[in-house]
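Kindly generate the complete structure, drawing on both the sequences and the hints.
Listed below are the residues making up each chain.
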Amino acid sequence: NAGVTQTPKFRILKIGQSMTLQCTQDMNHNYMYWYRQDPGMGLKLIYYSVGAGITDKGEVPNGYNVSRSTTEDFPLRLELAAPSQTSVYFCASSNYRPGTVTDTQYFGPGTRLTVL
Amino acid sequence: TQLLEQSPQFLSIQEGENLTVYCNSSSVFSSLQWYRQEPGEGPVLLVTVVTGGEVKKLKRLTFQFGDARKDSSLHITAAQTGDTGLYLCAGAYGNQFYFGTGTSLTVIP
Numbered sequence: 001n002a003g004v005t006q007t008p009k010f011r012i013l014k015i016g017q018s019m020t021l022q023c024t025q026d027m028n029h030n031y032m033y034w035y036r037q038d039p040g041m042g043l044k045l046i047y048y049s050v051g052a053g054i055t056d057k058g059e060v061p062n063g064y065n066v067s068r069s070t071t072e073d074f075p076l077r078l079e080l081a082a083p084s085q086t087s088v089y090f091c092a093s094s095n096y097r098p099g100t101v102t103d104t105q106y107f108g109p110g111t112r113l114t115v116l
Numbered sequence: 117t118q119l120l121e122q123s124p125q126f127l128s129i130q131e132g133e134n135l136t137v138y139c140n141s142s143s144v145f146s147s148l149q150w151y152r153q154e155p156g157e158g159p160v161l162l163v164t165v166v167t168g169g170e171v172k173k174l175k176r177l178t179f180q181f182g183d184a185r186k187d188s189s190l191h192i193t194a195a196q197t198g199d200t201g202l203y204l205c206a207g208a209y210g211n212q213f214y215f216g217t218g219t220s221l222t223v224i225p
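In order, the protein sequences belong to chains F and G. In terms of the working numbering, the first sequence is numbered consecutively and its last residue is 116. In terms of the working numbering, the second sequence is numbered consecutively and its last residue is 225.
None of these hints come from the bench; they were simulated from the model. Just so it is clear, the structure is predicted and the values come from calculations on it, not from any experiment. It is possible that some hints are incorrect.
[Said to hold, decoys possible] The list that follows gives simulated cross-link-like pairs (lysine-lysine, DSSO-like), each with its CA atoms no further than 27 Å apart:
id: 1; chain 1: F; residue 1: 57; chain 2: F; residue 2: 14
id: 2; chain 1: F; residue 1: 57; chain 2: G; residue 2: 186
id: 3; chain 1: F; residue 1: 44; chain 2: G; residue 2: 186
id: 4; chain 1: F; residue 1: 9; chain 2: F; residue 2: 44
id: 5; chain 1: F; residue 1: 57; chain 2: F; residue 2: 9
This is the structure in C-alpha cells:
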C-alpha cells in the first residue's frame, strides 16, 4: 500500500495563476481532508469529503475548490492564486467518522506551494 | 470555528528531563488526538482519547483527556533526542478536526 500520495511536492505559482493539487489514497477510505499549514503553525481544514460525490467546506475554504468523483481521488483546485495561499498543503484520509476511538487520519507528505 | 490553544509554543529541554504540553479549549470535543510531525513530513498519530478523564500511556508518553472533554495534556518522561518534533493536538467536532497551534519540542543531548 502506498497510503496517501500527493503531487506535486513543490510548486511556484505567479499571482493569478491556477493549479490543481492531486491527492490519491489506496486504503478505500471514505473520509478525506485537505489542510493547509503555515510556518510554525497547526493545520487548518480547507475542505473535506465523507464519500464519493459529497464534499463540504472547512474553516478556510475561500479561494479553493474540490471534487470527489471517486473514493480514491480528492483534488484541490486553486483559482487565481494569491500570496496568502503560500503554504504547505496536506491531504489526509480516514476510514472512520471523527470522534471514534479508531478515527486515525493518515497524512500525505505534503505539497509546498509558493505564490509570488 | 473551534479554537484549541497549546502551551508552551516552544520548549527546549535536556535529555532525561520530564515535560508536559497542554491543549485547551472552551469547546467540547468528541475525541482528542495527539500527533507528532517531523520537518518536511505529514503529522503522524500518537493517540486518540474519547472518554472524559481517560488516561492512555504509550511507553514514556502519557496522555490525559479532561473530564469535560475540553482539554488534554501530553506528558513525556525522561525525554530523548528522538522526541524532538512538533506536537499537535486535534479535536473532533462534527465531521471535522480542529488542530491546535502546536508545540515545538527540542531535546538537547
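Fill in: List of violated hint numbers, smallest to largest
none
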